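S.K.: When you get a sec, could you build the whole thing from the sequences and use the hints?
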Amino acid sequence: MDLSSLNWEKIKKEALRLSDFEAIKKELQNLTKEIQTFDIHQHLSPSAKKRVKEFEKAYGKLLGKINRAQREFDREFNKALTQLKKTRLEAEKHVKKVRKKAQDHKNKLKKATSNLKKRVTKKTVAKKKKTTTKKKATKKATTRKKTTKKTTRKKA
Numbered sequence: 000m001d002l003s004s005l006n007w008e009k010i011k012k013e014a015l016r017l018s019d020f021e022a023i024k025k026e027l028q029n030l031t032k033e034i035q036t037f038d039i040h041q042h043l044s045p046s047a048k049k050r051v052k053e054f055e056k057a058y059g060k061l062l063g064k065i066n067r068a069q070r071e072f073d074r075e076f077n078k079a080l081t082q083l084k085k086t087r088l089e090a091e092k093h094v095k096k097v098r099k100k101a102q103d104h105k106n107k108l109k110k111a112t113s114n115l116k117k118r119v120t121k122k123t124v125a126k127k128k129k130t131t132t133k134k135k136a137t138k139k140a141t142t143r144k145k146t147t148k149k150t151t152r153k154k155a
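Residue numbers (numbering that gives the first Met the number 0): 0 to 155.
Everything labelled a hint here was simulated from the structure, so no lab data went into it. Since we're looking at a predicted model, the values are computed, not measured. Don't take each hint at face value.
Claimed, not checked - 25 Å max Cα-Cα, derived BS3-like pairs, lysine-lysine: (1) Lys99 to Lys109; (2) Lys64 to Lys49; (3) Lys96 to Lys109; (4) Lys105 to Lys116; (5) Lys117 to Lys107; (6) Lys122 to Lys109; (7) Lys107 to Lys121; (8) Lys9 to Lys24; (9) Lys49 to Lys60; (10) Lys11 to Lys25; (11) Lys11 to Lys24.
Stated by the list, open to error - Computed beta-carbon distance windows for the label pairs: (12) Lys9 to Gln41: 36 to 42 Å; (13) Trp7 to Phe54: 56 to 62 Å; (14) Leu27 to Val97: 55 to 61 Å; (15) Arg98 to Ile65: 44 to 50 Å.
Even for Gly, the Cβ is constructed at its ideal location relative to N, Cα and C.
M.R.: What follows is the structure, given as structure tokens:
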């Protein structure tokens, strides 16, 4: 809708006319009184009266059908609305479960990465300490003792 093509003056006048609620109310009351006092049957011929009665019956039947259709529509709409609300609640529960699982998984991953980082830093620190504190000792060559032959003497 193009705003430049609207007739703003006409819209303004119509809004002002409709906004004068008291004037509309008085006009409606006058029309109601006039309709109540007007007797259509005085001004109609017998054949026209018969047609009016037929129209009134048809109107009554049509009104009944409309009311039944409206009730049926309201029932179906309420059923659909109830089902939609249930589905929404189930979906919200499912989303909450998925979010909780994702949060738990995220926490597990954080914990695992922090543990892994701690292990890695401990190993590197331990390796550094080993290289700095451990001194290489030179091994002395082991010398063999001379073996002497044992002789046994007799005692006198």
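S.K.: Each hint needs a verdict: does it hold in this structure or not?
M.R.: Evaluation of the provided hints:
1. Lys99 to Lys109: Given pair Lys99, Lys109 holds - Cα atoms ~15 Å apart, limit 25 Å.
2. Lys64 to Lys49: 23 Å, holds
3. Lys96 to Lys109: Holds, at roughly 20 Å.
4. Lys105 to Lys116: 16 Å, holds
5. Lys117 to Lys107: Given that 25 Å is the threshold and the Cα spacing comes to 15 Å, the pair holds.
6. Lys122 to Lys109: Between Lys122 and Lys109 the Cα gap is close to 20 Å, so the pair holds against 25 Å.
7. Lys107 to Lys121: Answer holds: Lys107 to Lys121 is near 21 Å, not above 25 Å.
8. Lys9 to Lys24: 22 Å, holds
9. Lys49 to Lys60: 17 Å, holds
10. Lys11 to Lys25: 22 Å, holds
11. Lys11 to Lys24: 20 Å, holds
12. Lys9 to Gln41: 36 to 42 Å: 41 Å, holds
13. Trp7 to Phe54: 56 to 62 Å: 42 Å, violated
14. Leu27 to Val97: 55 to 61 Å: 57 Å, holds
15. Arg98 to Ile65: 44 to 50 Å: Holds, since Arg98 and Ile65 (Cβ atoms, about 48 Å apart) stay within the stated range.
Of the numbered hints listed earlier, the single one contradicted by the structure is hint 13.
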